[in-house]
Amino acid sequence: MDNRSGEMMVFARVVESGSFSAVGKLLDLTPSAVSKLVGRIEGRLGTLLLQRSTRQLTLTTEGKQFYDSCVRILDDIEEAEQGIATGKAAAHGALRVNVSLPFGTHQFLPLIPEFSQRYPDIRLDLSLTDALVDLQRERVDVAIRMGTLADASFQARPLGTSRLAVVASPDYLAACGVPRHPDDLATHRCFNFNFRRVRDEWPFRLDGQTVYRQVGGGMLTNNGETMRLLTLNGLGISRLALFHIGQDLADGRLVELLPEFNPGDTEEIHAIFRQQRYMPQPVRVFIDFLVEKLAP
1 MDNRSGEMMV FARVVESGSF SAVGKLLDLT PSAVSKLVGR IEGRLGTLLL QRSTRQLTLT
61 TEGKQFYDSC VRILDDIEEA EQGIATGKAA AHGALRVNVS LPFGTHQFLP LIPEFSQRYP
121 DIRLDLSLTD ALVDLQRERV DVAIRMGTLA DASFQARPLG TSRLAVVASP DYLAACGVPR
181 HPDDLATHRC FNFNFRRVRD EWPFRLDGQT VYRQVGGGML TNNGETMRLL TLNGLGISRL
241 ALFHIGQDLA DGRLVELLPE FNPGDTEEIH AIFRQQRYMP QPVRVFIDFL VEKLAP
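Residue numbering for the sequence shown is 1 to 296, as defined by the numbering used here.
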């Protein structure tokens with residue numbers, strides 16, 4: 001078996017079965033032939049992919065990376081052949097998605113039932129976190145990012161924008177008073193994030209100009225959903241996006257503060273994905289779905 005896709009298929013089957021002999025029986029090859037084929041791949045790549053012992057085969061770090069690539073490539077080949085054979089390509093395969101916790105909880109998770117019904121053969125691998133992850137290193141297919149994009153090495157599709165607002169719960173305001181001016185926040189408990197951002201200060205519009213005020217005195221958190229829950233429980237004041245707290249404001253669980261000083265800034269929302277010559281179909285249909293459901 002000389003072709004690269006055939007070698008990838010054999011290697012993937014070895015990883016999945018954990019045995020040279022099992023794959024040999026499946027493909028009518030001797031265990032020795034299967035082992036030599038894997039050795040040929042390792043020689044060409046110049047790295048060890050499998051740790052061998054008398055009892056088991058264990059993937060090395062490079063082996064895991066190569067296996068993930070093999071699965072992705074073999075899925076693409078199968079998809080292409082299936083599309084030609086049937087006249088249409090059914091989107092299928094694994095799709096790794098990274099979404100911020102607030103956006104994922106309040107905007108994306110409610111859409112999953114419809115997406116899964118429309119594309120039942122796509123298996124979502126979903127991570128919700130406000131921490132920025134390296135798409136390349138973490139093998140993420142699509143990430144939804146809030147704010148200005150700093151990395152130009154990825155492609156992006158806009159999903160919309162969201163205004164931000166300073167908010168507190170009625171219970172907090174009854175206990176601690178209502179701030180009437182941005183400078184009043186110095187005596188209040190204000191929440192902020194504990195990870196690096198472009199700015200930690202809050203912007204306000206004063207005398208026709210945007211100024212920034214350092215706030216503090218409240219807890220630091222690593223995600224907006226925790227901040228929202230702390231605010232709902234009357235523990236302090238937050239500045240959050242309306243896509244996140246719009247329903248809380250509508251229901252009276254939160255109250256917008258200092259609206260006359262709001263600078264009107266917005267938070268951009270993008271779906272970002274790795275640049276590549278041919279976009280995998282699961283990535284394409286997923287992004288199209290997001291644009292259909294979320295973009296204005």
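FYI, nobody ran anything at the bench for these hints, they're computed from the structure. In this text, all values refer to a predicted model and were calculated from it rather than measured experimentally. Built from N, CA and C at the ideal position, the CB exists for glycine as well. Take the hints with a grain of salt, since some may be wrong.
As the list claims (entries may be wrong) - The following label-pair restraints were derived from C-beta to C-beta distances: (1) Thr47 x Gly234: 34 to 44 Å; (2) Glu62 x Thr161: 35 to 45 Å; (3) Leu48 x Arg123: 27 to 37 Å; (4) Met279 x Gln247: 47 to 57 Å; (5) Ala174 x Gly147: 30 to 40 Å; (6) Val291 x Thr266: 11 to 21 Å; (7) Leu229 x Asp183: 23 to 33 Å; (8) Gln247 x Phe195: 24 to 34 Å; (9) Ala156 x Asp76: 21 to 31 Å; (10) Gln117 x Ser17: 50 to 60 Å; (11) Ala174 x Asn222: 27 to 37 Å; (12) Thr47 x Asp183: 52 to 62 Å; (13) Asn194 x Gln117: 49 to 59 Å; (14) Asp76 x Asp251: 18 to 28 Å.
To be verified - Under the rule of at most 30 Å between Cα atoms (straight-line distance), these lysine-lysine pairs were calculated in the DSS-like manner: (15) Lys36 x Lys64; (16) Lys25 x Lys64; (17) Lys36 x Lys25.
The hints, checked one at a time:
1. The hinted window of 34 to 44 Å between Thr47 and Gly234 is violated, with their beta carbons roughly 56 Å apart.
2. The beta-carbon spacing between Glu62 and Thr161, approximately 41 Å, falls within the hinted interval of 35 to 45 Å.
3. For the pair Leu48 and Arg123, the beta carbons lie near 29 Å from each other, so the given range of 27 to 37 Å is met.
4. Distance hint check for Met279 and Gln247: the Cβ-Cβ separation is about 34 Å, which falls outside the suggested range of 47 to 57 Å.
5. Separation of Ala174 from Gly147 is about 33 Å and conforms to the stated range, judged on CB atoms against 30 to 40 Å.
6. With their beta carbons about 18 Å apart, Val291 and Thr266 fall inside the hinted range of 11 to 21 Å.
7. One distance hint, 23 to 33 Å for the beta-carbon pair Leu229 and Asp183, holds here, with the actual separation near 27 Å.
8. Roughly 26 Å separates the CB atoms of Gln247 and Phe195, a value that falls within the hinted 24 to 34 Å.
9. Here the CB-CB span from Ala156 to Asp76 is close to 22 Å, well matched to the stated 21 to 31 Å.
10. At about 33 Å, the beta-carbon gap between Gln117 and Ser17 misses the expected band of 50 to 60 Å.
11. A beta carbon spacing of about 29 Å between Ala174 and Asn222 agrees with the range 27 to 37 Å that was offered as a hint.
12. A hinted range of 52 to 62 Å holds for the C-beta pair Thr47 and Asp183, which are about 60 Å apart.
13. Remark: the range hint 49 to 59 Å for Asn194 to Gln117 is contradicted by a beta-carbon distance near 38 Å.
14. Distance hint check for Asp76 and Asp251: the Cβ-Cβ separation is about 46 Å, which falls outside the suggested range of 18 to 28 Å.
15. Taking the CA atoms of Lys36 and Lys64, the gap is near 19 Å; set against the 30 Å cutoff, the hint holds.
16. Distance restraint check for Lys25 and Lys64: the Cα-Cα separation of roughly 24 Å lies within the 30 Å cut-off, and the hinted pair is therefore satisfied.
17. Taken as a hint, the Lys36 and Lys25 pair is honoured in the structure, with Cα atoms around 15 Å apart against an allowance of 30 Å.
Violated hints for the displayed structure, listed by number in ascending order: 1, 4, 10, 13 and 14.
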